[in-house]
Each structure stands twice: as C-alpha cells, then as structure tokens.
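Asks: These are the residues of each chain, in order.
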Amino acid sequence: MSENSTPSGVRRREFLKVLGAGGVATAAIGCSSDRVEKLIPYLNHPDETVPMVSNYYASTCRECSAGCGVLLETRDGRTFKLEGNPDHPLNRGALCARGQAAVQGLYNPDRYRSPMVRNRSGQLVAATWDQALKLMEQKLGEVQKGGRAGSTLFLNRHESGSFPAFLDEWLAANGMPAHLSVDPLADNAVIAANRQSYGVSWPWLAFSAARLIVSIGADFLDTWGANVPQQLEFADARARLADAPRFVYVGPRRSLTGCNADQWIACRPGSELAIANALLGKGSVNDAATASDVPVATLQALKTELTGARPALVLSGVAGSDAMELALAVNELNRQLGAVGTTVQPDRAITSFDGIATDADVIAAVEAMRAGQVPLLMIRGVNPVFTSPKAAAVVDALKKVPFKVSFSSYPDETSELCDLILPDHHAIESWGDAQPMANVIAVQQPGMAPVYDTRQTADVLITLAKANAGIAAKFAAPNYMRWLIDRYPGGTSAFTLALEKGVGTGAVAASTAPRRATAIPKTAAPIAQTAGDLFLVVYPSCSLGDGSGANKPWLQEFPDPVTKICWQSWVEINQQTAVKLGVDTGDILRVETAQGAVEAPAYVFMGIQKDTVAMAFGLGHTAYGRYAAGVGVNPGDVLPVGFDAKSGSFAWTATRAKVTKTGAYTPIVTTEGSARQHGRGIAQALTVRELADLAAGRVTEHAEAMPGMPNTEYLPGLRSPMAADAQGVVSSNIKHKEQGMYSPDHWSGMAKRRWAMTVDLARCTGCQACVTACYAENNIPTVAAPYQESHTAFLHGVAGGNILKGREMNWIRLERYWEGGEDGGDFEARFVPMLCQHCGNAPCEPVCPVYATYHSPDGLNVQVYNRCVGTRYCSNNCPYKVRYFNWFGYGEPARPQYAWPERLSWQLNPDVTVRGKGVMEKCSFCVQRIREAEHRAKAEGRELRPDEFTTSCAQACPSRAITFGDAADNDWTVAKLALDKRGYHVFQEQLNTFPAVVYLKKVNHPAPAAPAGV
Amino acid sequence: MTKRRKRAVVPGLAALAVVAVVLSAYTGATQQPDTVIKDRGSWGYSAASSPQGRSPVQPIAFPHPTHVQTLGMNCLYCHFSANKSPDPGMPAVGTCMGCHLVIGPNRPAMNGRPARKSEGIATLQKYWAQKKPVPWVRIHHVPDYVNFAHMPHINAGVTCQTCHGQVQQMNRVYQYASLNMGWCINCHVGNVNPKWKARYDCSVCHY
Amino acid sequence: MATVTRPDEEVLRLGPNIPEANIQLPGVEKYEQVTREIQRTLYPTKLWFAGLSVAIICMLIGLGAWMWQVYMGLGVAGYSPPVMWGVYIVTFVFWVGIGHAGTLISAILYLFRAGFRTTIYRAAEAMTVFAIMTAGLFPILHLGRPWKFFWLIPYPNWRLIWPQFKSPLVWDVFAILTYLTVSSTFLYIGLLPDFAALRDAEPRPLRKHIYGVLSLGWRNSELEWRHFARAYLFLAAFSTPLVLSVHSTVSFDFAMADTPGWHATLFAPYFVAGAIFSGIGMVFTIIIPIRRWFHLKHYVTLNHLDAAAKLCLFTSLVVGTAYLTEFFIGWIGGNSMEQSYWWNRVFGQWWWAAWVMLTCNCVLPLTLFVQRLRRNTTWLFTLSIFINLGMWFERFVIFDPSLSHEFEPWQWTRYAPTYVDWAILLGSFGWFTMWFMLFIKNFPVVAISEVKEIVPPPLRTPHPVEGIEVTGMRLAFEPETPGERD
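Protein chains in written order, with the numbering used here: chain D, -13 to 1000; chain E, 42 to 248; chain V, 46 to 531.
In isolation and in its complexed conformation, chain D is listed as follows (with noise of 0.2 Å):
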C-alpha cells in the first residue's frame, strides 16, 4: 500500500496512530493506580512488636461493674478486639456483646477531643490542657478557701479495685467528703440482703450444683449481675443434659432468662414477695396466686417439686417497694433448701459489686444540690441525668450547683450541663486494677496512647495535688500507674508478673475514707395507690444496659435478644391486652402515669403478663452522640422517684400506666421474618424422656416424618460429596481421574481438612455475645445508623431503615422461633445461631456466574469479594439466607452509609477486608484466622495442633456452646462433638446441602406432671 494514495483510503501512518492511541490509552489507564504512598517507619522500633503481628496486652473490661478480664488485641500500635482473658476468674476467656463493643467506645467519632470550658455566652469551648486545669485549681481553692470543701460531690462510675480508695484519699486531702460509686443497673436490694444474709454482697452461684433453678425476676443471664460468670454456670448446669436443672421462671415478663426456663409462671408485678413467702411457707399459697394471677395448682405444683429438689437455687431480682423483703426471704429459702454452701457460696463470692451507693443516696446527693448546698460538682463516668427518673429533675438541680466538673470521654446529657470537661482516657487507654474476687488482684494496662488529647482522671488529680503545696506531699508518685504499683502487693515484680496474665494475688488497697451516711428514702406508693389500668415494667436493656451503650453502633444495631427489635422503643404488650385495646404490632402506644407519658410502637408478645406492659431502659438519648441522639424514647420519664425503704434501691415497677392507643403507625424495626418454625426442623429440642430413648436407641416419636418434614435422624452430613472426595472418603466414585487440589493425593495437602462447627443447643442462651464478635472480628459494617438513611428511599433519617428493608449484616445471627403458646398458654422459645453452613454441596455456588464463591478444598465455603460484580444469584439460591450484600458503600469513606466514620475505622481487623458497594459477603468461618494459624505452623515446621485456634464466635461464647475444628481429624473437639447423638443438620433431608454445621438438639425438661414434649 502506497504513502501517497487516495484520500478514500487509509494511510498506514494514521493506521499506526490509531493503534498507537490505543496503546496509549490503555497504558495511561494501566498507570492510573500510580499515586505516591508513604512508607513511613518507625523511629525507634519497640521491642516487643512485630509489624502486621497481634500483641495481646491482659486488661480488665470497664463495661460494667462485674470486671470480667479481657484481652487487647493490638496490632502496629492500634487495639482493635478485645477477647476474653482466659486466666481471668469471672469470665474465663468469654466476653459479652458489651464488652466486645468497647472498643466503639474507644473510637467513638463523638468523643471529646479535648478538655472543654463554658464561656461566657455560655457554649462549651475546646481549651487546652494547662487553661483547664488552671480553672480547676483556681474553683478547687475558692471552694476551699470559701471553707466548703465539706459539702462538695463527687459523682463516680463504680468500679472495683484500688482507684475508689486512690480517690477518696484525693478528696479527703482536699477536705472533701468521701465519693458517691454509682452504678445503675446494681441491684442494691439483693446486694444489701446477701450482705445481710452472707455477709458478702454476692455470693457464686453454682448452678450446676443445683437441682431446680428459680428465678423470681432476677435476669442472671441479661443484665442482673455479673451475666457472663453465671452464664458460664448456667451453661454447664444445662450441658449436663439428662441430669441438668429444671430452670422456672417466674415473673412479669419473659426477659431473655425466661426465655431460657422450661417453664414461665407469669404473676403480676409487686406480688413475687408473696409468691416467695408461699414458697417458704410464710404465706398461704392461695393468697398468693389471687394476689399473682397464677393458678393455685401451679404455685402448689411449684411448691411441692422445690421442696423436693435439694439443693435447688432461687433467686430474686425485682425492683419492686418490696424488693428487699424478697430477696431475704429467698435467702432464707436457699438455706432452707440447703442451697447456701452448695449452689450459693458465699465463699467464692464476686466482690465486684462492693460499695455501690444506693439509688436513693444518689437522689439524696441530687436533693442536696437542688438545697443549694453543693459548691462544686465532680462527675465521672455516669450521667444521672438520663438514668435516673425525669421526675428526679436532676437537671434543675445540677443548675443550682454553681460549678460543675465533667471527666465523661463523651458528650451526654449530664457533662452537657457541665462548666468544665476534663475528659477522661477510656479504660483501654487506662490503668488501674479490679478485685473481682477475694484475693485475686485483675490489673488494668492501656492497649495503645491514647486516641485523643485526653487524660487518665487519676492522674488529672494527681497533677492537680501536686499543684496544691498543702497536699502535694501525699501524691509523690509522679503518676496513677506508679502509684499502683507502689501499692502493689509484691511490688513492680508481682505487677509485671500480673501483666502478663492479667491476674495477680493479693488485696487491693482499700478506702479508708469514713462512709456517707446512707440517706433514709421515702417509700414508693404501693402499687394498688396509682393510677392507671396496667402495669408498667422497666427493665434495663440487654444491651445498651444503663444507655451507656447507646453510642455503640454495635449494641444499637444488636436485636434485642428476645422482640428482636433495634434502633427503636417499643411498648411490650400482651395479646390479650392488645386485642381488648384494639392493639396491633407497630400502633403507637401511649403510657401515661402521673409523671408524664411516653410514645412507642406496640410489640404483641406472649412473654408478658396480661395486666402488665413493659418497656427497655436505654433509648432516648437528647444527647451523647449521633448513634444515641433521639433515637427512640426513655422511658425513665414516666418513673416515679420511689424507693424499697430498707435498700434504698429504685421501685420501678412500682406503678401503674394509663395505655391509650394514639391511632398513628410506625413499622417495628425487627429482624424478625416468621417467629415460628413451620414445622421446618431449623431448631429441634428433644425432652429428656426423647434423649433417653434415642441413647438406648429406641426409636423417637419424630422418627415418622410429614412430607417434607425433617426427620430427626442424623446423617453423618460432614462427608459431603465434594468433600468427601477430598477426604478420599468415595474417591472410587470420581467420574474424572483430574480433581485438582480435591484429590486428597495432591501435593497440596489441603484436601486433609474439613473445617466444620458444631452448635450445641442445649448450652446456647440465645445472648449474642457471638454476633458482636462477629462484628468486631469481620469488619461487618452497621446499617441503619440516622446518618445512614438520609439517602435511601424510605424512612429519611430515622433510624432503623435498612433494618425494615432486612438489610442488616449479620454475618452469624441468633435466630429465636416460638413453640407452643398459640393458646395464651406457657410457650417455648429456641434459639438457634444461624450462620453459612459451609454446605460440602452448597447451592450457591454452581450459581456464580463469575466463580466468585467456590468450595475450597479444605471445606470452606469461600466468598470472593474483588471477583464478585454483585448478581446476588447465590443469596437467591441460599436455603439458609446467610448472604449479604453491601446495598450501599457502607466500606467507602466519601459515601453517606459510611460505616465507621473517624475514627472508628481504627477498629477495623486489618487482617479482613473491608467490602465495598455491590458486592455479596458472608461467613468465611474466620479464614484470616485459619490461614494465619497455617502460616504460624509452617513457619514453627509442624501441623496444625488440635483445637489450636478458633473462630471469633466461638471463641467469644459465653456459653461456650459453639465449637470449631478440622471435622476430618479426630483429634479435634469438633470431630467428636459431630457425633453426637442429638446432632443434625438445618435443611440436609430436604435439600442434599451436606452443611458444615452440626446442630446439637436443646434438651427441655417439662414439668415433672406435665406431659412430655412442652
């Protein structure tokens, strides 16, 4: 072809121009990823750390007061999980959903940055340090000065250990009277009888001692309590399968504990004292049940097989005008029943809870403030204006207090109204110790510096003793840590030792400061005085507790473990009561009592007794955050300020409620589909009579199935064949000679393994403590923040959209389906983890048009998130429906939905992707975790040991019913526990899935009369 031709025709140089454009266009677009990046060393490296590997510093968790011991993990200078320490004695290497959310606590992006001073126009202003405390001396010395020193407040979080005994030596330096240790959610009434009874203020309890459990009202396994301790207990006590306790409950409302009891007695609130006294023979049994609204029968029934059971363990943990008449009398009727020694030991007690003021000395130091009488205010860690009633008008108080000191980490409703904030570190970045038990000394150690311009309170007042000349003597340590460890039984030795297991020996120094005197409360009304047609309970959520947790995405997005509900309040009511009111699930109740009225949507349950309505403490936050700020309603305004007269604890359920229905509607924000099970097997529970059957091997009464109905038999699921092949199980039966790494011959090796989990019903309480460890561990973003709905196309800005939408994350989720209890009466509730099954034949694979999910050859059901482009064909051919999908850029910073907004992307597993928009995520059964522990043992030149590793929800199950392990090798917990009698697989009979997942059936214990079966 010629240079020269006609025009029509094309010239090769332009030919070679187009194609050079080409090129160009594709290298320019192959170069784009070329921006400069920083590899920024450290100056000097610290010893102890390796780039990109985990170090785990022992700490003790500040969530609440019972102080169960926790790991940090930390990695290049960041804690972003906290796990249970397993050498800690409460909570032996467990952690609740509370605790593992600290760490949110830590990031929080609403924390203060700094300290902050009220100016003169009166807003709060960042200041710096030096200003801050400068202000702070110069109040401290006019009150003292002024000679008032005597009549100060000193408002702290209660915690155990040697910072109580540190700070009132503080405040008696200063002249000021002893501090008040506030927790909100202690139970001061059964805290004051145990004292009373034991001399201790509360005795273990050992539930696997016992032979029948009742619980009046006490939430051992929510809130009431050091819940992950007793868990662990109850747990045990429940393995024991045949030969474990009858649990009854008996109570108003069927809180997450009923929920765990083989039978619920609903009595109507204020008359659990005279259940008791029926049950000890105090009082006539017929009283009882006309005063309780249960059948005489019952009560009889009930009376009769606890005298029979010895030792039993009864419990009580009602906030009732009564409360500590009740829960003597239940003292008295464990001794009686020789529980005391056996199932109740005193001996072991937890002193976590020593030296908790009462509500009512809290509302006495409010009273003397709203008198005028408080020169200067100091609050650590609590917010009394949210927690206590709104009737208490703690804010019009706090405004008569001339000068008030804020050290809250976050801006809530009390440090609002605060003149100076000092912020405090958070207990990751602290140190200190607890004195969980008699002799045992759990250390505190910092994680990581701290997050922001932040200090430790401790040694705020450290400096500011040193900068009184008058005291500065007492406080020659030059800061807390030093100060510790000068008190340190054992000295620097011992506490270096106990940092590294987190627990030492000894007694931490104790506070010699003289009590307050405890102020005499004015009795509640008796319920029969007020107004109003039902009654109304408060009780503290599972998981936001006292609402300290509100400004936890992670506890907000948390269901609650029994309505399943989030993002929301709500007004539980009984059918019965609904149907009279005309009252369906999501109309807006308004409870009205004679201190004020709140608005919620109605949730019909049958766990509640039908006079009675119930609402969860710890929503409706005005301030404290965009995760808290006006999501849902408190309903600490309806409350009256009554006490128990001998405890001097808060009479909650001392009242009663006008409930009108307002017309208007909101949809329940729930995570709940269908409550019931249709028959499906997804939670299968054997009575003990049953499991005695199938031991001896005789056949069940489930073995004759509906079509389409499971049957119950167990099919050894975990050979699935695909796996199997892999396993050289059925290796004959391969069609093709080429099976790749699926050949168990291969040179890789990885067709050796068959990860798999089981599950063991019996033991899981439904708590959820495995969901947020899901959470932390996955980088599993939160959904349905306010924040995150402002674009989507429903509910603008209101929480909890994406949740209706059934958009929520949860990677591993706690399903809870109803049995029984169509006819109003007793019910039972199962829970049951549900998680990817890791099906050995799993549906959604073939699906893929893309192979972005696939079977590893080590059995893992593997999600590929770069590969994917989102058809979301495999959530489709799910069975289990434990797919999600990232509807929005949850993990894209420049996005609305952005998930962790600063600096919450600090907690972020850097061992785990985080997804970006559109693409499908699930269970990877932990496989950073996995492949880890891979490189560990080949870099070490061994195998992988037994039970070596696991996954972050086994690891974090305070019931310790999930197990996870190489099903393949009988050396693993797992390979055992697979065959056991009461296993099965969700959905094996009906769709050939060969899930990883064992499922090992709950056992109930049915009334000794009643029939078998509930």
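Accuracy of the hints is not assured; some may be wrong.
Derived DSS-like pairs: lysine-lysine, alpha-carbon spacing no greater than 25 Å straight-line [claimed, not checked]:
no., chain 1, residue 1, chain 2, residue 2
1, E, K172, D, K24
2, D, K632, D, K268
3, E, K158, D, K924
4, E, K172, E, K158
5, D, K924, E, K172
6, V, K75, V, K342
7, V, K342, V, K91
8, E, K173, D, K24
9, D, K289, D, K268
10, D, K385, D, K131
11, D, K738, E, K236
12, D, K738, E, K238
13, D, K376, D, K647
14, D, K120, D, K460
15, D, K460, D, K125
16, D, K644, D, K566
17, V, K75, V, K355
18, D, K924, E, K236
19, D, K24, E, K167
20, D, K647, D, K596
21, D, K596, D, K644
22, D, K289, D, K596
23, E, K125, D, K24
24, D, K125, D, K452
With beta-carbon atoms standing in for the labels, derived distance ranges [claimed, not checked]:
no., chain 1, residue 1, chain 2, residue 2, range
25, V, F195, D, V111, 53 to 59 Å
26, V, L222, E, T200, 44 to 50 Å
27, E, Q93, D, Y773, 38 to 44 Å
28, V, A461, D, G665, 26 to 32 Å
29, D, D809, V, A461, 32 to 38 Å
30, D, G665, V, T427, 44 to 50 Å
31, D, E808, V, L222, 53 to 59 Å
32, D, G735, E, Q93, 29 to 35 Å
33, E, V233, D, R99, 47 to 53 Å
34, E, L142, V, Y116, 51 to 57 Å
35, D, A112, E, V233, 54 to 60 Å
Partner residues are not named here, just some residues of chain V that face chain E (Cβ under 8 Å, in silico) [as the list claims (entries may be wrong)]:
no., residue
36, R204
37, L205
38, W207
Since the hints were made in silico from the structure, they are not lab data.
Beta carbons: idealized from backbone N, C-alpha and C, even for Gly.
Given chain D, put chains E and V in place with the hints provided.
Replies: Frame of chain D, contents of chains E and V only:
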C-alpha cells in the same frame, strides 16, 4: 494500488480497535473502587497492583549495593520481620543510626574511591536530629483485597530476589515483577520452581 | 382491474408467492400504489415528533435514575433481602418475552406459509430487535458492580480465570447475544428489496443516498431474488429454534435454582408460551395504532388481525394450563415448603398481583372466542394493554413472592419497589419506544416487496382470461418483478 486493497484495512483496523478497547477495559477495570481498607477517596482506592518497572525518587538515595554487596549485610538485618510476619518490616531510623552515628556523612577515601561527603547520610542524620521518620516512597503495592504474607514465602525458601529482583545491585530500587494475579499463580502452580508449588485457590490470598 | 389470481384455485405458480387463505388485499391494486402508500408513511409528522420526544424524556428519566443508583448503590432500589432480584429482572424477562412473538411471526409463520403474517411481520421483527436491545440492558444495570459486567464474558485475561460455565447467567449472556445478532440480521435482510424500492421512489436526495447505501446495490435481478429468497429462508430456519431456546435458557435462571416456586421442570415450555403470548399482545399494541395513523388499514386487514388474535387466544390457553399445572404440582408434590409458598403467592403480600396476572392472561383473552371481538380493533388494543400488564405481573408473581417466602421462615420478608425501580422501568419503555419511533419513520413498517407478491400482477395489456391453458393445466401469468416497469 486499487481501492479494494485499501478497504481491506478497515476490518483489520476495527478488529485492532476492539482489542485495544478490551485491553483498556480490563486493565482499567482493576482501577474501579472494589474494596477499601484505609480512608481513601471513594473513587481512588488501591484496587490495583502498582505498575511494573516503576522506580520513584526516594527521600534518601539508599544504595543497596553498598550495604549488601560491599558490606555483605543480610536483607533480614533491616527488613527484620520478613520471615516472621506478613510484613517485611521497614527499618526504623534508629536501626540506620545504629551504624550511622559512627559512620558520618564525611566518607574518607577508601578502596580507590576519593574522600566524599555523603548526601544520604547527612539527610538521614538530619531526620534523626529532628526525630522524624524517613518518608520512604512505597514501590511494591498489592491491592487491599490481596492478603500477601511474606513469612510463608521466605520460610518456603523463596528468595527475596525472586519477586523483588536483584535489589542488591539496584542503586535505585524499581518494581521488578508485575505483581498481577497471573504472575502469582504462575509461581504457585510450580512453573517457576517445582519446589515452590503452593495452594492456588482464591481463599489463599483473598478474604 | 379484473385480474386477480385466485389463490384457492389449483394452479401451479411460478416465481415467489405465498399461497394462503385470506391474504387478499382488495384495497391494494397496483405495485406503485404499494410503494407510494408505504413511502408516504416515511414523512415525519408533528404527532410523531411529540411521541418521540415523550419517549426520549422517559428514557432520560430512567437513565438519571440508573446513574443515581450506580453512584449510591443498589440500596436506592426497593430490594429487601432475601428478595435479591426485583423489578429489574422481572422487566428483563418481560422484554425478552416480547421479542419472541416477532421472531415467531417473521420466521416460524414464514416457514408455515401463514399468509397473514406478511403485512405485520416487519413491525413485529423490528419490535423483536428493539425488545432484545432493551432486555439486554437489565442484567447489566441490576448488577452490584455494573462496570464489571464483562467478567461474565469468557476472554483471555491475566487473572487466568474463566466464567463459571455452570451458571445459567453465563448461558444468558450467550443466548441474548445470539438472539440479538440473528434477529437483527434477519430484519436487515428482509429490508433489502424495500430499501431498493425506496431508493428508486425517494425524492429527497439525502434519504435516497442512505437507502442506496443500505440496499447494498440491489438491482432487482433474478439472481439477487434467488439469493435473497434462499438467504431469507435460511435465516428463518435459523432463528426458528432460537425462539424456543432463548427463552428456555432465560427460564433456567429460575428453574435451576432451588427456590420454591422456581425449581420446576415446567419452566422452559411455560416461559416460551408466555413469551409468545406477551409478544403477540405487544404486536397488537403496536400495529393497531400504526394501521390507523399510517392509513394502512387496507394492508393490515381485519382478516390478518383476526388470525393473529386466534394465535393469541391459543397461547393464552397454553399459559393458563401452565398456571394450573404449577399449582397442581405444588399441591400434589406434598412438599410443605412448596405448599406454603403457593399459598403465599395467591394470598400473601402480593395476592392482588397474582389475580391481576390470572385475570389478564387467562380470563380476558377468552373473549377472543367471539369473532366480533377478534375483529374489533378497539377491543384488541385494550386487551393487548391488559396482556402486557398481565405478563409483566406474571414474571413479578413468579419471582418475588418466591424469594420473599423461602425455606428459612426467619428471613421471610415483604418487598416494595421504590421510585428508582419504577423510573428505570419507565425508562426501558422510553428506550424501546424511541427506537421504534425512529424505525417507523425511516424504514417501511410494512414489507413492500412481500406485499407486492400478493397483489395482482400488472399486465401489459388487459387480458380476457386470467391464465392460459397449457396442456390442460391452467397457468397463471408470471408477475413481473417489482420495479421493472417505468
């Protein structure tokens, strides 16, 4: 020449254009926002490997040859965690100063070379004096959704040079390998060295 | 004009002709009349411009909604897991279905020598091409990461991975692309002689030039006609199996899944019948306004519509049978999960959709048993709208109640599309209409050449007899090839 012959170019041209488009399509596609781990702009995540042959200017022109060949230092002396961590470890400034406190910028004449003043050492000591880390420019980068761990590779006997090239001879380090997935797979299936055969299903690196 | 070839006579014909009942066009007498009247339709009118702009506006609305969705993420649509496929896939299957009637009419009926197809097949075939173009958009825009759609196409890449050939979605890619290629080729080949005719008749120079280029230098020679007939026949034969295979493949997207209500061997024939049914509905929706506004009533006669209506009635009955069979299987299968799903389908959240479907697709078409209604264009048009509606809801009822009511009761949910879903649905209609509007004013919407084949051949001189006796056989005059005279 006749028109027909020239017309014949058109289909070829079209075909090549298509090829170019496809190429750019899937090269470009790897730039798309897939998955983030750090706070980056939503359109600018690291979703692609850094390009081969790239050799950015470093704040200090660190001469690997001098340290490795002349002084015979082991890679693991500075990149200390390559055999015990996913991360090879960048030497802390303190590590450099371990020697360079003594070995100052004024280099005496030795083995044939005249006395000179070393810019690099001077800069290094400046950083140290200011207690500032050296802002090295990152060269080798794999996407955030790739979990590449050095440890198992080193322990399997893969040499540093296999992936990073003859660094000991580079006065200015450049990216030797393409670091794209085909390149990884090619080695994992044992094409490079049968002894280095390793598992090559997705979940080995992507999770 | 006395001479009319009586098709019912036993005569041997020479040259291309399609023997069939009721294909006479009494209103059409001359070849030039055909060319003139059809060429006349190519002059844009105000009404047409108005229609086109409405279509384009709708399309832009859809486009905007899609861009918003790509930017924000699929969450702006109404998906509520586990309902992972919503309006988009419903609309995808709807449009693929529409396409099928076109191919059926233009290809299968051609093979069966069904004469009534002659005047409507061009519109139907164009409809097919544009429907597939519309359908093809949806699998891409329902992706979470649409910019990665090309990963479904097998091409050599440095990742060294192929698509998962086991996945029906990959089969879809092949099916749709094949169908698009073949049907557009078929449409173009059919247009060739008409382009030539228009080239010769067109006064406007630019259009004349364009038609000239498009006609690929058609000279009306015997040779060209012979090749043309062969090619046309071949393509007809080639696209006939596609009518069956493409929609079967689409149905596998669902039949291959384990979802209750999807997992049925019935799906392939069921979907094909539904597709043809909906397609014929759409043909009515299109052709009835055209014959009115383009003054083509004497081309697209009531006889033709009547015949098409019978086909419509037949497919409607097939679809109805399929519905009943589904329910029967659901009941007889005895699988509690299937049963609860079927219950949910007719009495659950979307009960009314199910009843809309049954009414529009099974009950209303029964009126076509009445001849008067078959010949009543107003009724046919109204009915066709109902059929389109019903068939869209059929897909909706098949897909979404299934997903919202699957094996896992805990995940049962409710589904409600949002404004984004509806906007994109609207946009798809805008897109389709835009192309069709452009087509009807630039290309003959009635096949000129084939119509000429059935109008009486012009004679040089009036002739006493309609044929001549050749050894006892009556021989009709061979019609002159079009465009020969003048």
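Asks: Compare the structure with each hint and give your call.
Replies: A quick look at each hint next to the structure:
1. E:K172 / D:K24: OK: K172 of chain E and K24 of chain D at ~17 Å, within 25 Å.
2. D:K632 / D:K268: Holds: K632 of chain D and K268 of chain D sit about 20 Å apart, inside 25 Å.
3. E:K158 / D:K924: violated (46 Å)
4. E:K172 / E:K158: holds (22 Å)
5. D:K924 / E:K172: Distance ~38 Å between K924 of chain D and K172 of chain E Cα, so the pair is violated.
6. V:K75 / V:K342: Holds: K75 of chain V and K342 of chain V sit about 16 Å apart, inside 25 Å.
7. V:K342 / V:K91: The given pair, whose Cα atoms are some 21 Å apart, holds under the 25 Å limit.
8. E:K173 / D:K24: Answer holds: K173 of chain E to K24 of chain D is near 14 Å, not above 25 Å.
9. D:K289 / D:K268: The hint holds at about 12 Å.
10. D:K385 / D:K131: holds (22 Å)
11. D:K738 / E:K236: Holds - the C-alpha atoms of K236 of chain E and K738 of chain D are around 20 Å apart, at most 25 Å.
12. D:K738 / E:K238: Given that 25 Å is the threshold and the Cα spacing comes to 17 Å, the pair holds.
13. D:K376 / D:K647: It holds: about 23 Å lies between the C-alpha atoms, which stays within 25 Å.
14. D:K120 / D:K460: holds (20 Å)
15. D:K460 / D:K125: With Cα atoms ~21 Å apart, K460 of chain D and K125 of chain D stay inside 25 Å; holds.
16. D:K644 / D:K566: Since the Cα atoms of K644 of chain D and K566 of chain D sit roughly 14 Å apart, the hinted pair holds (cutoff 25 Å).
17. V:K75 / V:K355: Violated, because 30 Å separates the two Cα atoms, which is more than 25 Å.
18. D:K924 / E:K236: The hint holds at about 15 Å.
19. D:K24 / E:K167: The hint holds at about 19 Å.
20. D:K647 / D:K596: holds (17 Å)
21. D:K596 / D:K644: Distance of about 14 Å is within 25 Å: holds.
22. D:K289 / D:K596: holds (23 Å)
23. E:K125 / D:K24: Holds - the C-alpha atoms of K24 of chain D and K125 of chain E are around 23 Å apart, at most 25 Å.
24. D:K125 / D:K452: With Cα atoms ~16 Å apart, K125 of chain D and K452 of chain D stay inside 25 Å; holds.
25. V:F195 / D:V111: 53 to 59 Å: holds (55 Å)
26. V:L222 / E:T200: 44 to 50 Å: holds (47 Å)
27. E:Q93 / D:Y773: 38 to 44 Å: holds (42 Å)
28. V:A461 / D:G665: 26 to 32 Å: For G665 of chain D against A461 of chain V, whose Cβ atoms are near 29 Å apart, the range 26 to 32 Å holds.
29. D:D809 / V:A461: 32 to 38 Å: holds (34 Å)
30. D:G665 / V:T427: 44 to 50 Å: holds (46 Å)
31. D:E808 / V:L222: 53 to 59 Å: holds (54 Å)
32. D:G735 / E:Q93: 29 to 35 Å: holds (33 Å)
33. E:V233 / D:R99: 47 to 53 Å: holds (51 Å)
34. E:L142 / V:Y116: 51 to 57 Å: holds (55 Å)
35. D:A112 / E:V233: 54 to 60 Å: holds (58 Å)
36. R204: holds (5 Å)
37. L205: holds (5 Å)
38. W207: It is violated, given that the least Cβ distance between W207 of chain V and chain E is near 13 Å, above 8 Å.
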